[in-house]
Amino acid sequence: MGPVEVTHLHMSVFSQSFSPCGRFLAAGNNYGEIAVFSLSSALSPDATDLSQTPILTFTAHEGPVFSLFSTDSHLLSAGNGEISAWSWAELIKRNTKAAWTRRPNYKSSLEIPEINAMTVNPTENSLVIGGGDNNIHIMDLESGIFKSVLQGHTDYIHCLSVREREGEILSGGEDGAVRIWDHRTGQSVHCIEVYKYEECARPQYGKWISCLTTESDWMLCGGGPSLSLWHLRSMSPTSIFPLSGCQRQANFYQDMILSVGEGQCVSHCLLGGEVKAQIPCTPHSLNTLALNLNSTDNRVLTVGGSSHQIDVFTNLSYRTFSLSF
Amino acid sequence: MGAVTDDEVIRKRLLIDGDGAGDDRRINVLLKSFTKWCNSTGSPEEGFTQYQRMLGTLAQCEFSMGKTLLVYDMNLREMENYEKIYTDIEQNITSAHDKISECKKEIQRAKRIRKNRQEYDALAKVIQQHPDRHETLKQLEALDKELQQLSHIKENVEDKLELRKKQFHVLLSTIQELQQTLESKYDCCRCALLRQDGLWVCWTVWRSLYKGWV
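Chains X and P supply the protein sequences, listed in that same order.
So the first sequence is numbered by the numbering used here: it starts at 3 and just counts up by one.
So the second sequence is numbered by the numbering used here: it starts at 287 and just counts up by one.
Chain P extracted, bound-state conformation (with noise of 0.2 Å):
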């Protein structure tokens, strides 16, 4: 396991620095040259610039590790950052959706709508060519008036004609009675009519009548 991490190990820093320039060749340089400066029999002032110029390698090494550091941090928050916008945008989506599925049955029930009220409008046309309701009523209510008094007034008519009829009945009645009694020759006393100034008196009557003339 360890053999197999090492690979790894070596594989990233091939890749990342392979051919030795860079920062780990500057380790590599600055740590041959302390041994050489460890070693060296040189002049104190050569080993002084030595040692300087040591210094600086390792400031320009710690420089570049503190670089790397900050970029690396950096590069942690941005992809924190962009997880978040990540989350955010996928749960926009599906509200976006969730919206969509909505507006799509609002549409569908505001066309629901649309077609009654556009039924009701064709069905209210038809209706208005046709007469108002209260205006035919009112109109039977008062041809019902009219009716009960004509019918009335037939009534009147037809008992005022009854009571006429019947009063004429009466009227021939007792003409045709008289006639009758006048006709018959034999009357109240039974002596014989005799016809004097155009009427038909009876015997004692005119005995009586012509009694003082004689």
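Excised from the complex, chain X in its bound form (with noise of 0.2 Å):
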């Protein structure tokens, strides 16, 4: 078995953001390489083997890639507890330089705590960082400093989402708490303990949260207590999700709620409780679910995992083929 085989078989995607064009995938793995694939190309009707490949591979960081984000011009990779920008023009011409690379002010200079989630709030274009030292970092888009540190967790933050409308950030992290901070003054507006509601909680898994998404006055959240559906304005659980297994990331996609985690299937539920259906794909454990909803020719469902194969979906049914890093 050639090195490139092993390498293979070892290598976890744990990430993945679309370019704002629609037309090009990006896809961090846990060996810090970050892989552009080309979609219109994949998707063509004269697609050949090749082109399910990436046009461009590098390696970006020395940690794994945990968290990759969009914005208008630029992709946003964090890894190894920095975070660097590559102009999405730039990387299409296949130039690997970073735009910039950035650290937020870590406490303690021993370890080097990594960054799990990150998000942007478009109202004040800031980049909210949630990481592996228990606090969340903003970091202001156009001149790069830290604005500010919101502290509250004690446990290190897997996920992160932002409300636009009412200003808020919402983090889930280790310790099971789900907090709410209003993102002007850096309180924590309210903290929800998941894992003491008896509806959702599964001690046997842990209390962590490692999947939060919100839509209007709805969230998601989930990890080792089952995914469950809250009513953020009463704040409190509407419906349980019955899937075996710990969910990752969960999106709400129209009507549906589109979910992935440990088991080889995507599920689609319902927001009244129930799974709709359960997709079979390639990665034995799934870490991350993307939708391209920013082109009109390239909507597809892509979902990375444990395995060098990125499942892409064109209709959310069933699998249609597999990019390869």
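A hint or two may mislead.
To be verified - Covered stretches of chain P, going by a simulated chain X footprint (3 or more residues, C-beta under 8 Å): (1) 395-405; (2) 409-420.
To be verified - Simulated DEER-style distance windows between Cβ atoms: (3) 378(P) to 52(X): 35 to 41 Å; (4) 419(P) to 208(X): 37 to 43 Å; (5) 385(P) to 188(X): 50 to 56 Å.
To be verified - Simulated pairs of lysine-lysine, BS3-like, Cα-Cα distance not exceeding 30 Å: (6) 411(P) to 397(P); (7) 198(X) to 278(X); (8) 278(X) to 298(P); (9) 278(X) to 451(P); (10) 198(X) to 401(P); (11) 278(X) to 385(P).
Simulated from the structure, these hints should not be mistaken for lab results.
Just so you know, even glycine gets a beta-carbon here, dropped at the ideal spot from N, CA and C.
Hints given; two lone chains; assemble the complex.
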């Protein structure tokens, strides 16, 4: 077995992000590499096996790339405690020079905490970063200054979400708490401890929250406790989804909920709490799910996990093909 | 320009009937036989048979000409028919496209409605778990009434208590005054008080009491 196959065996895809034009997909793996795939050529009628491999692969960080995020012009990648920005226009031209690299101010200089989640707050044009040092750092995208630090979690942060209308940041962490922060005052407005609710808790898995997503007044969160839909105004769980395994990423899509996690399938659930379908895919355990809503031609769903292959779904009901790292 | 069209005509004719077989050859043969017949010096029967033969060939030529004209007409009409069908199908395609986009919009709307309904259901489930508002209001009203009644009773009892206290106070103060008056030895008539039959009486009263005895 050649060296490439060995690395492929141990590869896990942790993060994905679509380009703003919708024609390219960037994926980050546990070796710190980012691969850029051309979706338009992979989806075209005359696609070959070659079009399912990346047009560009480069090592972005020394540690695993746990989080990728695309703004209108740049791809932001987080790895090894630092954030690098790559211009999409340059990446398409196969130029792998980072536009900038910044590092939040960590208190301890001995250990470098990893960055698990990144999201952008569009109203303030700021980047919200959550990571292993139990704090949330907010960085202004224009100036690059780290504006504030939100402290309150007692263990590392897994996932972040932003509610633009209310100006709130939600964070879920290993300590089992979902905290809602007001981005202006920097105070924790609410703290929901999901594992304390009997209907959601699964003590055999733990109390950590690994996936969090919000849409208007609703929030999905899951991880150790079952994936549950919460109504944020009343702070009460409305539906619990009977999915075995811990969910790592969930999204709202039209009238459904798409969720991936442990288990070799993408689960489609209805808001009422029933699991409508479970679509099988190649990786045995899935880490990331991304929907390309930026483009009308390449509207696909891609999932990646503990495999070097990224499954592409053109129709949500079945796997169309797989891109290979 | 005449030469060009002639060339085309020649090319077409060669293409259609190059080897001289068919109608063209028949016309040429007819012409030749006509000239031969005109210049013939044979017997009148031969001339007549030649004449008949020529009429036959002429009839054949006319027949094939009629056939080709009909075929040409038919082709023209077929073309028109196909044109019509083509435009019809194009219209159908565009209307189908429009219908498809309409249906897509419909489906988006329906999905949104379904999502709203599901959100509503989910919230309703949670709300159902809490007790009914009317029930709680009624319970609150009943409790309010009870509270009012009890406070009335309390007021009454307190008033009574006040009254009794005052009455007892009056009684006790009168008793105390009486005791004081009885204890003080100099009473109304300022004479000494003597103890008689366990009672303190004043000297004048004692004298009047015992005067009759003496």
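Hints violated by the structure (numbers, ascending): 8, 9
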